[in-house]
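Trainee: Okay, here's what each chain looks like letter by letter:
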Amino acid sequence: MQNKVLKILKDIRPDIDFENETGLITNGILDSFDMISILAMITEQFMIEMDVEDIIVENFDSLDQICFIIEKKKNIIR
Amino acid sequence: MILFWGVIYSGNFYVPIDEKVPLKRLKHMVDHTNAKIIVSIKGCKEIDEYCCTRDIKSIHFSQIYEGIKIDEKKLLCVYENMLDIDPLYMVYTSGSTGKPKGVLKTQKSVLNFLYSFQKVFSLREQDVFANQVSFDFDVAAKDIFLSMYVSATLVIIPKQCFMVPKELIIFLNKHKVTILIWSVAAIRYVASSGILAKEKPEFLRKVFFSGEVLQMHELKEWIMYLENIDYINLYAPTEVTGNCMYYIVDQMHGLKRLPLGLVFPNMEVMVLKEDYQKVKENEIGEIYIRGAFLSQGYYQDLERTKKSFVQNPLHHDYLDVVYKTGDLARQVEGQLYFIGRVDHQIKHMGYRIELEEIEQALYTQTSQVNRCCAIYDVEKNKIILILQGEFIKNKKIRSILSNVLPKYMIPHQYIWLDKLPENIRGKLDRKKTMEQYLKMKNSGELYAE
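Protein sequences appear in the order of chains W and A.
Just so you know, we're using my numbering here: the first sequence kicks off at 1 and counts up by one.
Just so you know, we're using my numbering here: the second sequence kicks off at 1001 and counts up by one.
Be careful, since some hints might not be right.
Stated by the list, open to error - These stretches of chain A come out as covered by chain W in the derived footprint (C-beta under 8 Å, 3 or more residues):
no.: 1; region: 1156–1164
no.: 2; region: 1219–1225
no.: 3; region: 1389–1398
Unchecked claim - Part of the chain W face toward chain A, derived, beta carbon under 8 Å:
no.: 4; residue: 11
no.: 5; residue: 30
no.: 6; residue: 33
no.: 7; residue: 53
no.: 8; residue: 57
Said to hold, decoys possible - With a straight-line cut-off of 25 Å between C-alpha atoms, the simulated SDA-like cross-links for lysine to any residue are:
no.: 9; chain 1: A; residue 1: 1020; chain 2: W; residue 2: 27
no.: 10; chain 1: W; residue 1: 10; chain 2: A; residue 2: 1396
no.: 11; chain 1: A; residue 1: 1159; chain 2: W; residue 2: 23
no.: 12; chain 1: W; residue 1: 4; chain 2: A; residue 2: 1396
no.: 13; chain 1: A; residue 1: 1020; chain 2: A; residue 2: 1413
no.: 14; chain 1: A; residue 1: 1382; chain 2: W; residue 2: 43
If you're looking for bench data, these hints aren't it; they were derived computationally from the structure.
Note that the Cβ used here is the ideal one computed from N, Cα and C, for glycine as well.
Put together the whole structure using the sequences plus the hints.
Mentor: Have a look at this one:
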């Protein structure tokens, strides 16, 4: 799954080293345009719903965190 | 903000540029403006180097304060020589030739707009404005000047808040924000995030939005959770300072779409058919605007200015300049509704975009694409680029385009065809391309990957 998420992120922002970056939001690396695209892509591709309560810095600051929240959401649906 | 006022007090006009704008576009704007000085907030090596080659003074904001002395005499001299017909600021807007156009706003147009706006909406000194749009966007001029005009407070929302809706509400409440003058894109973003069901901005009094058409269901999401607030739909093209029409949403029932509403005092909006007759019930016409808020047209482009700022077609008795917007409106039950554009311009994320500009940008950067056509999927709020030529990976095209275009203009999806539809003269057929896209979309072909 990590690869799939990475591909989505890289498609949106090819210039970012998502594998090593841990402050995507806190360091202002992503902007709101990116965030909207990322949310749209992951909810579409993983067929999950993101609640507004899930859209917090701690869930989207790094690749690992994004994978973790997707995994968590997938489990709820099952 | 300090910079803007600094420039104004020096007797010059300013051109706000977003720090994230691609260097190429920035260079075009600076060359086109013939700027003498660039002031950057953060300081950027590339900009400094570029300024050296053009004999432009590059100043970093932090340097300004060092050893500054105010020369009252000089200030007074500038003040005494100011004319209200001189430009106050200029903003760039998308242009069909592939180059952005600079629209000049005068002091007079700003002052007239502020006076009329205040007459209608009675904002107060105690109000707190929360700025959402970046300063290179004309909507922000209302934040800048209106808050000053009524001696209210203006807070700037950190960009981060728009990625995390919860923090946005916390921010608004912390600063006791009462007034929002936002882009439709931001209103829509908050509505679709679902945050209003959980957390509420407690101090809001009036919410203004403009930039594109807000759908009723998006507005309902706001009204459902925040009832006793005025919601106001504003309309005007960039060529008009501020706005020229407003619609206060007072009753939701029966309303299917938002009308353009009433015209601000001291302005007139005419909707004319091709034969220059005013539209009647259920007819479509082009919007013409006259009055004190009109801008001075396009910088260094008298030809295009003359094409859009024309003599009032209803008479030839004296010079009476009206702006021909290219916007179409329909009159239904006495109300005017925005329908679309005469040409191929679209509104996306609150920005006005000429689709041809995206195509031109790609052509200038690669020869691998023989032909391309940018279309707008209104339903999905997405820009789609249809291409023909030697296949390039999505990632590559994105990075090529982001060298020359701002982010909001980068297409979301890329579709390769063997051949794009043409008309009899061999020109790209946009209508047919759009039809083909819709056919592919509806058949589910596009999501096979």
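Trainee: Hint by hint, note whether the structure agrees.
Mentor: Results for each hint:
With a cut-off of 8 Å between beta carbons, the region 1156–1164 of chain A has 5 residues touching chain W; three or more are needed, and the interface restraint holds. Figure legend: the region 1219–1225 of chain A, annotated as covered by chain W; annotation inconsistent (0 residues with Cβ-Cβ distances under 8 Å, at least 3 required). For the region 1389–1398 of chain A, the proposed coverage by chain W is satisfied: 3 residues have a C-beta within less than 8 Å of a C-beta in that chain, meeting the threshold of three. The closest approach between the C-beta of residue 11 (chain W) and any C-beta of chain A is roughly 6 Å, which is under the 8 Å cut-off, so the hint is satisfied.
For residue 30 (chain W), the suggested interface contact is upheld, since its CB lies about 7 Å from the closest CB of chain A, less than 8 Å. Annotation: residue 33 (chain W) was flagged as interfacial toward chain A, and the flag holds, the nearest CB pair being 5 Å apart, inside 8 Å. At its closest, the beta carbon of residue 53 (chain W) sits 7 Å from a beta carbon of chain A; the interface hint therefore holds under the 8 Å criterion. A distance limit of 8 Å between C-beta atoms decides the matter here; for residue 57 (chain W) the minimum to chain A is near 6 Å, and the interface restraint holds.
A threshold of 25 Å between alpha carbons decides the hint, and for residue 1020 (chain A) with residue 27 (chain W) the separation of about 15 Å falls inside it, so the pair holds. With a CA separation close to 11 Å, the supplied pair residue 10 (chain W) and residue 1396 (chain A) stays within the 25 Å bound. Distance check on the hinted pair: residue 1159 (chain A) and residue 23 (chain W) sit about 15 Å apart at the alpha-carbon level, within 25 Å; holds. Only pairs whose Cα atoms come within 25 Å are accepted, and residue 4 (chain W) paired with residue 1396 (chain A) is accepted, the gap being roughly 18 Å.
A distance of roughly 22 Å separates the Cα atoms of residue 1020 (chain A) and residue 1413 (chain A); the hinted pair therefore holds under the 25 Å criterion. The suggested pairing of residue 1382 (chain A) with residue 43 (chain W) holds, with an alpha-carbon distance near 16 Å, which does not exceed 25 Å.
Checked against the numbered hints given earlier, this structure breaks only hint 2.
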